[in-house]
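Residue numbers (this note's numbering), protein chains in the order written: chain A, 1 to 741; chain B, 1 to 62.
Worth double-checking, as some hints may not be accurate.
[As the list claims (entries may be wrong)] Derived lysine to any residue pairs resembling SDA-like cross-links, with alpha carbons at most 25 Å apart:
| # | chain 1 | residue 1 | chain 2 | residue 2 |
| --- | --- | --- | --- | --- |
| 1 | B | K7 | A | V100 |
| 2 | B | K7 | A | F297 |
| 3 | B | K46 | B | V25 |
| 4 | A | K78 | B | H27 |
| 5 | A | K18 | A | L55 |
| 6 | B | K46 | A | V520 |
| 7 | B | K7 | A | P228 |
| 8 | B | K46 | A | I225 |
None of these hints come from the bench; they were simulated from the model. All figures in this text were calculated on a predicted structure; none of them were measured in a lab.
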Amino acid sequence: MPESAPAEARSTRRITPKSAVVWTLVALVGAAGWTMLALARDEEISAAWMLAAALGSYAIAYRFYAKFIANRVLKVDKTRATPAERLNNGVDFHPTDRRVLFGHHFAAIAGAGPLVGPVLAAQMGYLPGTIWIVAGVIFAGAVQDMVTLFFSTRRNGRSLGQMARDEIGPFGGAAALVAVFVIMIILLAVLALVIVNALAHSPWGVFSIAMTIPIALFMGFYLRILRPGRVTEVSVIGVALLLLAIVSGSWVADSSLAETFTLEPGTLVIWMVVYGFLASVLPVWMLLAPRDYLSTFMKVGTIVLLALGVVIALPSLKMPAVTEFATSGTGPVFAGSLFPFVFITIACGALSGFHALVSSGTTPKMIQKETQVRLVGYGSMLTESFVAIMAVIAACIIEPGLYFAVNSPAGFLGTTVESASQAVNGLGFSISAEELTAAAKAVEEPSLLSKTGGAPTFALGMSEIFSAVIGGAGLKAFWYHFAIMFEALFILTTVDAGTRVGRFMLQDTLGNVYKPLRDVSWKPGVWITSALVVGGWGYFLWVGVHDPLGGINQLFPLFGIANQLLAAVALAVCTTLLVKSGRLKWAWVTAIPLLWDAAVTLTASWQKVFSDDPKVGFFAQRSVYQDGIEAGKVLPPAKSMDDMNTVVTNSTVDGVLSILFAVLILVVLADAARVCLKAIRNPGTAELTEAPYVESKVVAPAGLWPTKEEKAELAAVGASSGGDRSGDSDDDGVAAGSGAH
Amino acid sequence: MNSLAGKVRYWWRELSGEAVYDRYVAHTRACDPDAEVLSRWEFERKRMDEREADPREGFRCC
Chain A
1 MPESAPAEAR STRRITPKSA VVWTLVALVG AAGWTMLALA RDEEISAAWM LAAALGSYAI
61 AYRFYAKFIA NRVLKVDKTR ATPAERLNNG VDFHPTDRRV LFGHHFAAIA GAGPLVGPVL
121 AAQMGYLPGT IWIVAGVIFA GAVQDMVTLF FSTRRNGRSL GQMARDEIGP FGGAAALVAV
181 FVIMIILLAV LALVIVNALA HSPWGVFSIA MTIPIALFMG FYLRILRPGR VTEVSVIGVA
241 LLLLAIVSGS WVADSSLAET FTLEPGTLVI WMVVYGFLAS VLPVWMLLAP RDYLSTFMKV
301 GTIVLLALGV VIALPSLKMP AVTEFATSGT GPVFAGSLFP FVFITIACGA LSGFHALVSS
361 GTTPKMIQKE TQVRLVGYGS MLTESFVAIM AVIAACIIEP GLYFAVNSPA GFLGTTVESA
421 SQAVNGLGFS ISAEELTAAA KAVEEPSLLS KTGGAPTFAL GMSEIFSAVI GGAGLKAFWY
481 HFAIMFEALF ILTTVDAGTR VGRFMLQDTL GNVYKPLRDV SWKPGVWITS ALVVGGWGYF
541 LWVGVHDPLG GINQLFPLFG IANQLLAAVA LAVCTTLLVK SGRLKWAWVT AIPLLWDAAV
601 TLTASWQKVF SDDPKVGFFA QRSVYQDGIE AGKVLPPAKS MDDMNTVVTN STVDGVLSIL
661 FAVLILVVLA DAARVCLKAI RNPGTAELTE APYVESKVVA PAGLWPTKEE KAELAAVGAS
721 SGGDRSGDSD DDGVAAGSGA H
Chain B
1 MNSLAGKVRY WWRELSGEAV YDRYVAHTRA CDPDAEVLSR WEFERKRMDE READPREGFR
61 CC
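Sequences and hints are given; from them, build the entire structure.
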């Protein structure tokens with residue numbers, strides 16, 4: 001039965017002269033930004049233009065396109081009670097103020113992802129990445145988040161996997177499940193690799209990060225035993241200790257302890273794996289929950305600071321708009337040309353499948369009104385996209401020569417500043433050996449060469465911006481390590497939480513074979529499945545660190561493909577639901593991003609599997625090195641026969657994974673297409689699993705600011721007179737009548 | 001409590017999640033004034049146990 005919803009009253013859609021003027025101005029600002037970005041050649045332009053282009057585009061998209069999707073496509077219904085209202089239990093299900101929920105949702109979707117991808121993609125210049133981040137979020141990423149949130153809300157907060165099973169079928173559902181699991185493994189490996197690369201040979205960084213463990217333990221015991229639930233006070237203490245840890249890292253680096261904390265990448269991998277296992281089997285309250293608070297506060301705080309810093313400092317972009325690597329596909333950071341690899345490399349910030357897991361699940365159980373999906377779903381994703389834009393800025397304001405020295409693998413640069421300077425000059429960018437040494441010295445690191453993974457580059461850009469605002473060059477090293485710490489903090493939290501989710505999925509699946517495994521309190525089962533998950537990402541992490549060809553440029557494309565694969569699952573579920581619920585006319589809203597995403601992912605998989613270029617194709621790479629082994633030759637950058645064998649094994653594993661991803665995406669697409677065709681042929685027979693209509697008693701505005709009509713409605717139910725809601729703003733939603741329970 | 005400090009406090013407690021327990025108490029009392037209400041200590045333990053049992057709740061993205 002098609003979902004029924006009364007059409008939004010269109011009588012309210014009139015254009016006042018004032019709004020016409022305002023929106024014309026916004027459009028002009030955006031257009032001016034894009035014009036400057038696109039036309040600037042051989043000159044540095046101010047980051048202000050990038051901000052203008054992005055913010056102008058976001059504003060227009062939010063005002064017009066998101067509104068169109070909410071009102072015309074989804075037909076959000078303000079008279080329909082959300083699960084938060086119907087099932088309100090005061091805890092998991094609770095109608096939450098839209099602005100608070102926006103904050104929670106944003107904090108849940110934004111992490112290290114939008115800071116890493118855009119930095120790597122900057123090797124093609126600032127323009128390709130920026131265009132994809134802005135256009136991708138407007139037409140694909142934010143749409144996916146909002147539509148998933150809407151459909152999950154109509155289904156009492158069902159998860160993406162459940163919706164795939166219910167609405168598409170067991171095949172699509174199973175493929176979605178496998179996809180989520182494999183992605184989790186790759187994601188954790190890549191994130192851990194980012195941290196290992198940033199911390200290798202950095203006593204300051206290692207010490208600061210290590211200190212977060214006792215700090216989190218202290219917070220955990222405080223919250224558990226001393227003062228349960230007092231998040232604020234413990235977080236204030238925690239953040240203060242964290243800052244102390246960053247400062248004292250500098251003392252440690254200058255002391256005799258420096259050697260103890262100077263670790264090889266291989267050693268860090270072992271520590272990381274041990275940490276991942278222990279953290280995931282310890283009780284949640286000990287490490288995970290307190291770390292979660294710390295990393296969320298640091299994350300939101302740093303993002304706000306960074307936005308302020310960029311606006312105040314307005315640095316200029318030194319990277320060219322487009323480099324030759326965009327077309328030649330021979331960039332040292334990752335191989336492959338602009339299409340499809342920019343769209344694979346930048347996932348978070350433009351289109352991120354992972355968000356569909358957050359948009360289905362927690363947030364739909366808290367949303368007060370269906371009409372608020374635009375603010376919470378679309379708005380939060382636009383904000384994350386803005387974070388990605390700031391990452392582009394951070395990567396593009398440092399000297400391009402330095403950018404390539406930091407982001408190219410060691411096999412390409414060699415190990416001395418002289419060889420690195422030469423290699424970078426060979427790319428067509430110049431940086432001298434002295435400049436490389438000075439750059440490392442400015443942030444008090446032994447070396448910045450081949451610190452791949454994006455985090456160090458981002459930290460360099462951020463320290464540049466912050467030190468321009470506060471403290472000058474003297475604080476550069478502090479800001480650099482602050483940025484590293486901030487990324488490491490939430491990556492380590494993700495490693496812990498992700499291992500738990502992976503374990504949970506594994507327990508659920510293996511429980512079909514051996515029942516006790518499903519019992520989450522059966523310790524041996526928890527240990528075994530945890531070890532399996534940690535072993536999975538630990539393997540890729542180990543491989544990434546030891547790959548002679550460089551771990552990030554081998555693994556990051558896989559991570560991107562995996563993330564976009566999950567987006568394809570989410571968009572396929574959304575499209576199927578649009579078709580099944582009688583919205584065929586509007587199915588293009590998610591179908592076009594789905595087709596684009598499928599084209600990107602499948603092209604990338606195809607090239608990764610079948611390309612003749614050994615830099616791009618995993619199997620071509622494999623055969624080059626296999627031939628080398630048979631001929632008894634060692635091919636650079638491999639240094640020994642062992643290296644040669646490592647390359648062969650790695651490229652085989654990576655190639656097989658690429659095939660798996662392509663197959664999964666095809667299964668989901670085929671299954672979704674089957675269900676859609678069936679629904680189109682026999683309209684009215686499609687079964688939907690949505691919760692029945694219940695009239696809402698809550699009155700609450702849809703957007704950030706209440707409209708005139710909404711203010712009148714609120715006044716009618718007495719919202720503004722209620723002074724009992726302890727300092728609550730006067731336009732907050734209230735339940736009419738006796739209140740909803 | 002409509003002062004600026006009150007508003008800041010309200011928003012901070014809502015965003016940081018510190019208000020969850022108060023909301024739970026208010027909700028339980030509103031539904032049934034005689035209902036037994038968990039102490040803060042018990043309530044926070046119960047929430048941690050639930051999170052332990054299903055780690056997908058509250059999972060954050062990369």
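Here is how each hint holds up against the structure:
1. For the suggested pair B/K7 and A/V100, the alpha carbons sit about 13 Å apart, so the restraint of at most 25 Å is met.
2. For the suggested pair B/K7 and A/F297, the alpha carbons sit about 19 Å apart, so the restraint of at most 25 Å is met.
3. Straight-line distance between C-alpha atoms of B/K46 and B/V25 comes to about 14 Å, which keeps the hinted pair within the 25 Å bound.
4. Our distance criterion of 25 Å between C-alpha atoms is met by A/K78 and B/H27, whose separation comes to about 23 Å.
5. Simply put, A/K18 and A/L55 have alpha-carbon atoms about 20 Å apart, close enough for the 25 Å limit, and the pair holds.
6. For the hint linking B/K46 to A/V520, the alpha-carbon distance of about 16 Å falls within 25 Å, and the restraint holds.
7. With a C-alpha separation of about 24 Å, the suggested pair B/K7 and A/P228 falls inside the 25 Å cut-off, and the hint holds.
8. With a C-alpha separation of about 14 Å, the suggested pair B/K46 and A/I225 falls inside the 25 Å cut-off, and the hint holds.
Going down the numbered hints, you'll see the structure goes against none, and every one checks out.
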